[in-house]
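**Q** Sequence:
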Amino acid sequence: MQCGILNSIILKKPMSEMPTKDVGRSTDSGHLPNPTTLISPSSANKTFSLTPAERIHLDIYGYVVLERLFSKTEVDLLVETIFKFEQDYHRDKVPPKSHMFFTSTTWDFFRIDNLPHLASCFRDYVTNPKIVGLAEDAVGGSVRLEQSDAHIRRRDLSQPVSENHGWHRGFDPAFSYRTKGLFHCPFVKCLTNLTDLEQDDGGTTVIAGSHKMADVSENLLIEAVKERPELRHQVTAPAGSTLLFFESTIHAGGINRSGKDRLLILGGYTPDFFQPWFDYEPDPDFLKTLSAEEKPFYNGSRKYHWRKMNRDLTNPKV
Numbered sequence: 001m002q003c004g005i006l007n008s009i010i011l012k013k014p015m016s017e018m019p020t021k022d023v024g025r026s027t028d029s030g031h032l033p034n035p036t037t038l039i040s041p042s043s044a045n046k047t048f049s050l051t052p053a054e055r056i057h058l059d060i061y062g063y064v065v066l067e068r069l070f071s072k073t074e075v076d077l078l079v080e081t082i083f084k085f086e087q088d089y090h091r092d093k094v095p096p097k098s099h100m101f102f103t104s105t106t107w108d109f110f111r112i113d114n115l116p117h118l119a120s121c122f123r124d125y126v127t128n129p130k131i132v133g134l135a136e137d138a139v140g141g142s143v144r145l146e147q148s149d150a151h152i153r154r155r156d157l158s159q160p161v162s163e164n165h166g167w168h169r170g171f172d173p174a175f176s177y178r179t180k181g182l183f184h185c186p187f188v189k190c191l192t193n194l195t196d197l198e199q200d201d202g203g204t205t206v207i208a209g210s211h212k213m214a215d216v217s218e219n220l221l222i223e224a225v226k227e228r229p230e231l232r233h234q235v236t237a238p239a240g241s242t243l244l245f246f247e248s249t250i251h252a253g254g255i256n257r258s259g260k261d262r263l264l265i266l267g268g269y270t271p272d273f274f275q276p277w278f279d280y281e282p283d284p285d286f287l288k289t290l291s292a293e294e295k296p297f298y299n300g301s302r303k304y305h306w307r308k309m310n311r312d313l314t315n316p317k318v
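Just so you know, we're using this note's numbering here: the sequence shown kicks off at 1 and counts up by one.
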């Protein structure tokens, strides 16, 4: 069995559903081996990039959805692994390994943080050349893993639904930049949905275009959505689809009206001269198992030697 991911995005009514593109990643592709030679820096030997149309969508709205990026086999393994971590925690009440933590352990929100050394399918996800290629495209050069977590979200249908989205973002748009006409942000997320998402299932929601709104109050942007709800775009897509977004894009979990469980996994990526966050440092024993080429992806040891991409809209492989 293997790993998997996220769904497509729609405009909140009254707008019609936004078309998303099935980019032709075969659901029969099977499990991808750990791409030791392909993980960042990989600008020169990139195997996966956004198409011009996908890159334009990312620039305009601050996100893009790639449907069925992962196979059912990959998705099923990730789901099985996440549920096992939840079951083991509630049995033992202690973290299973060092250098990991739980942001939440409640029934309605279970979240595992700092994933690579916890399970091989977690490592395979965050180093997958498709995911890393997307992150490099959005950051604009070689990347390292800054954040990784897996979530289970549930809703008790006997309780009233909360209308609070919890809008937030983790990076100021003022620190973004442009190269060859393309927008880049030094912190991006690849979020993969492990369950099918329809409109009432609580898929990730964004304020479209907010990634470029520097020096504008977040509260003003959030209030604008109340007046113009078409600014709010919500992910709806089959399991195994991936949402790539700039962390400067204001985003939130959607409102779960259906009561279906929602599972997801994500990787947050930064230029590989950025250093690890507190609590997200790589496990020392895990680092000992890695080659010299692999270590900078986790520990930021490349320092000054960032490898900047030179892609333009029509030539994504540069």
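Just so you know, these hints were derived from the structure itself, not from any lab.
One or more hints might be untrue.
Said to hold, decoys possible - Think about it this way: if two alpha-carbon atoms lie no more than 20 Å apart in a straight line, the pair counts; the simulated DMTMM-like pairs of lysine to aspartate or glutamate are: (1) K260 x D196; (2) K97 x D113; (3) K260 x D200; (4) K226 x D312; (5) K97 x D312; (6) K97 x E293; (7) K97 x D285; (8) K84 x D113; (9) K97 x E86; (10) K180 x D312; (11) K212 x D200; (12) K260 x D156; (13) K212 x D156; (14) K308 x D283; (15) K97 x E223; (16) K212 x E230; (17) K260 x E54; (18) K93 x D76; (19) K260 x E80; (20) K72 x D172; (21) K308 x D285; (22) K226 x E293; (23) K308 x D156; (24) K308 x E293; (25) K72 x D88; (26) K226 x D200; (27) K295 x D312; (28) K260 x D172; (29) K97 x E80; (30) K72 x D108; (31) K84 x E67; (32) K84 x E293; (33) K72 x D196; (34) K212 x E54.
**Q** It remains to establish, for every hint, whether it holds in the given structure.
**A** Here's how the hints hold up against the structure:
With a C-alpha separation of about 10 Å, the suggested pair K260 and D196 falls inside the 20 Å cut-off, and the hint holds. This hinted pair checks out: K97 and D113 have alpha carbons roughly 11 Å apart, not beyond 20 Å. Between the alpha carbons of K260 and D200 the distance comes to roughly 9 Å, so the proposed pair stays at or under 20 Å and holds. Taking the CA atoms of K226 and D312, the gap is about 36 Å. The hint is violated against a cut of 20 Å.
At roughly 43 Å between alpha-carbon atoms, K97 and D312 are farther apart than 20 Å, so this suggested pair is violated. Restraint check for K97 and E293: the C-alpha separation of about 25 Å exceeds 20 Å, so the hint is violated. For a cut-off of 20 Å, the pair hint linking K97 to D285 stands: about 11 Å separates their Cα positions. A hinted pair counts as satisfied when its Cα atoms are at most 20 Å apart, and K84 with D113 qualifies at roughly 15 Å.
Between K97 and E86 the alpha-carbon distance is near 14 Å, which keeps this suggested pair within the 20 Å criterion. In summary, the hint linking K180 to D312 is supported, as the alpha carbons are separated by about 6 Å, within the 20 Å threshold. Between K212 and D200, the direct Cα distance comes to roughly 28 Å. Violation of the 20 Å bound is thereby established for this hinted pair. With a C-alpha separation of about 10 Å, the suggested pairing of K260 with D156 holds against the 20 Å cut-off.
Taken as a hint, the K212 and D156 pair is broken in the structure, with Cα atoms around 36 Å apart against an allowance of 20 Å. In summary, the hint linking K308 to D283 is not supported, as the alpha carbons are separated by about 27 Å, beyond the 20 Å threshold. Our distance criterion of 20 Å between C-alpha atoms is broken by K97 and E223, whose separation comes to about 43 Å. For the hint linking K212 to E230, the alpha-carbon distance of about 17 Å falls within 20 Å, and the restraint holds.
Using a Cα cut-off of 20 Å, the hinted pair K260 and E54 is violated, with the two alpha carbons roughly 29 Å apart. Proposed proximity of K93 and D76 is contradicted: the alpha carbons are some 25 Å apart, above 20 Å. Annotation: proposed proximity of K260 to E80 holds, straight-line Cα distance about 17 Å (limit 20 Å). A threshold of 20 Å between alpha carbons decides the hint, and for K72 with D172 the separation of about 36 Å lies outside it, so the pair is violated.
Between K308 and D285 the CA atoms are separated by roughly 30 Å; this puts the pair beyond 20 Å, and the hint is violated. For the given pair, K226 sits about 48 Å from E293 by alpha-carbon distance, which is inconsistent with the 20 Å threshold. For the hint pairing K308 with D156, the CA-to-CA distance comes to about 47 Å; that exceeds 20 Å, so the pair is violated. Using a Cα cut-off of 20 Å, the hinted pair K308 and E293 holds, with the two alpha carbons roughly 17 Å apart.
Distance restraint check for K72 and D88: the Cα-Cα separation of roughly 24 Å exceeds the 20 Å cut-off, and the hinted pair is therefore not satisfied. Distance hint between K226 and D200 is fulfilled; the C-alpha atoms sit about 19 Å from each other, no more than 20 Å. Among the hinted pairs, K295 with D312 is inconsistent with the structure: their alpha-carbon atoms are about 29 Å apart, more than 20 Å. Straight-line distance between C-alpha atoms of K260 and D172 comes to about 33 Å, which puts the hinted pair past the 20 Å bound.
Proposed proximity of K97 and E80 is supported: the alpha carbons are some 18 Å apart, at most 20 Å. Proposed proximity of K72 and D108 is contradicted: the alpha carbons are some 25 Å apart, above 20 Å. Distance restraint check for K84 and E67: the Cα-Cα separation of roughly 26 Å exceeds the 20 Å cut-off, and the hinted pair is therefore not satisfied. As the CA atoms of K84 and E293 are separated by approximately 32 Å, the hinted pair breaks the 20 Å bound.
About 11 Å separates the Cα atoms of K72 and D196, which keeps this hinted pair within 20 Å; it holds. Under the criterion of a C-alpha separation no larger than 20 Å, the hint pairing K212 with E54 is consistent with the structure, at around 17 Å.
Taken one by one, the earlier hints fail for this structure at numbers 4, 5, 6, 11, 13, 14, 15, 17, 18, 20, 21, 22, 23, 25, 27, 28, 30, 31, 32, listed in ascending order.
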